[in-house]
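Engineer: Now for the letters of each chain:
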Amino acid sequence: MSFPWANEYKPANGLTQWLDEKLPLPRFVYNAVGAGYPVPRNLNYMWNFGVLAGFCLVLQIVTGVILAMHYAANAGVAFDSVEHIMRDVNWGWMLRYAHANGASAFFVVVYLHIFRGFFYSSYKAPREMIWLLGVVIFLLMMATAFMGYVLPWGQMSFWGAKVITGLFGAIPVVGEPLQVWLLGGYAPDNAALNRFFSLHFLLPFVIAGVIILHIWALHIPGSSNPTGVEVKSESDTVPFHPYYTAKDGFGLGVFLLIYCAVLFFAPNMLGHPDNYIPANPLSTPAHIVPEWYFWPFYAILRAFTADFFFIPAKLMGVLAMFSAILVWFFLPWLDTSPVRSGHYRPLFRKFFWILLIDVAVLGYCGGAPAAEPYVMISQIASMYYFLHFLVILPLVSSIEKPEPLPFSITEAVLGKDESAVLNANPAAA
Amino acid sequence: MAEQASIDTSAQAEEGVRRRDFINIAAVSFAGVGGAAVLVPLVSQMAPSADVLAQSSTEIDISAIQPGQAIKAVFRKQPVFIRNLTPEEIAAAEKVDVSSLRDPQSLEERTKEGKTNWLITMGVCTHLGCVPLGAGEGEVKGEFGGYFCPCHGSSYDTAARIRKGPAPKNLEVPEYAFTSDTVVKIG
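Those sequence lines, one after another, are chains P and Z.
Each number in the numbering used here corresponds to the 1-based position in the first sequence with 694 added.
Each number in the numbering used here corresponds to the 1-based position in the second sequence with 275 added.
Treat the hints with care, as some may be off.
Taking lysine to aspartate or glutamate pairs in the EDC-like style, the calculated list, with each CA pair at most 20 Å apart, reads [claimed, not checked]: (1) Z:Lys439 to P:Asp1001; (2) Z:Lys444 to P:Asp1001; (3) Z:Lys352 to P:Glu870; (4) Z:Lys439 to P:Glu777; (5) Z:Lys444 to P:Glu870.
By construction, these hints were calculated from the structure, which means they are not laboratory data.
Build out the structure end to end from the sequences listed, making use of the hints.
Structural biologist: Encoded structure:
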């Protein structure tokens, strides 16, 4: 679906006309990300991150497929093959650093994309399905990133694999057989490394598929916007191309500057030195931490240190960690306020920033050693995290008095607009 | 063709199960069962393969381990701690009130009869699978004198029982048997 005033695709010459009749692919692209997709005129830079996330996926697939040409997924040689890429393969060092830092960049961009969704309540009707698919993409990204980190078969790879698959061992009754089944052995070894490689190659294409659904679902109601007021008339929108292709192009330039600065000047900034030590099943590194993008969830996992009635602490931690993301699936129904944008919700806005600080605190604790005061801080922060979604959000929605909304997007941008009023209420005339 | 059509109409008029319903259910069930059967190899291939299972027993010579010493051996690609307890360590483990433990087990239950000094456990922390310290020369043994896991601070006592920290269980005692006084077979 699109708005009635959307530009229509017109084949420019005989060839494109022939193609349009047989397989209207150019028309599809034109309507999806071209001049045929009308977008609210007031999008700010927070709306750049969807396109940037798509760029990161392409970057990861291209560099990843190339790395797979030089990498060997065998516990005996995996570590050496990564060093071979770093030292012997032409430009191998750059491709590997681009891929490793590309994962971090992907998560930076996606976290900003998600927080945009939190602030502007992008998850609210009629856009629930876009949000739900987005959470699915995020879960797939986490699985892909975790399995990718195992492939270099260094100390952090090995022990990360051991700890994360150990989480499944916490499940009652089926836990241990499940863990052995996932690993294909009693500890991470060749079988685990090989299947992780296979899945690490597969999942990005699954992600690409879900992204297509995500964008498909987006094009039914159209993009949201910073006012949260729906599009009412043609003056509220501009065509995606050239307006937002230009804006996204500028955003991409800024993104690439930062990404390349890290890639060329601090490529190991976000990595762990321990992963340059070959995997050793008989010696655990003193301080095991996952990559930075898992820290908030890792902090929640470790926050549970005492048994809760009959549930062991370890299982509680695992359940809480998964719930921390699964709770996002219920967000469209937990936040019942009819107003979308945080700009018009004074109370919600405050709690949004507190949540952001809370997640940052969790992130810091997740990267710190499991000792006091970090354990206690992460316990408090984990409690607040769930409190925000399950109690504060529904409560704020029911007691808050939102500020007055602009009548339309055009009015929000240009001030009172008579033609928008006339167009929006034909029945009143 | 005409005859076929007339049979169909007459069948449709009848009450109850038609021939087509039967064929439909039979075909879908057959394909369904077949499809489900295909899942068996797809799921089962993930389980440990024959060569991995073949590593499931190890023989270890323990004659050189003096009281107070411990070694790390490898069983199923995981560390095993074999420890020759001193009389003091045995006394310390037996002094503890078993019912006060998180995972109540006595030292006798965790060792073989007449060989109480040989404590053989997996070197895998029951929390998240790190290798605890305490088996190697000069490693920290934690405040209970057994093993200490540096990852999340679980402390085990001289019978390798969990005493403090997040681990839910004692260090696992693998299946083993003494094939002679100096050789132990694990698995």
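Engineer: Next, verify each hint and record whether it holds.
Structural biologist: Evaluated hints:
1. This hinted pair checks out: Lys439 (chain Z) and Asp1001 (chain P) have alpha carbons roughly 13 Å apart, not beyond 20 Å.
2. Simply put, Lys444 (chain Z) and Asp1001 (chain P) have alpha-carbon atoms about 12 Å apart, close enough for the 20 Å limit, and the pair holds.
3. At roughly 16 Å between alpha-carbon atoms, Lys352 (chain Z) and Glu870 (chain P) fall within 20 Å of each other, so this suggested pair holds.
4. About 41 Å separates the Cα atoms of Lys439 (chain Z) and Glu777 (chain P), which puts this hinted pair outside 20 Å; it is violated.
5. Of the supplied pair hints, the one linking Lys444 (chain Z) and Glu870 (chain P) holds, its CA atoms being roughly 14 Å apart against a limit of 20 Å.
Checked against the numbered hints given earlier, the structure breaks only hint 4 and satisfies all the rest.
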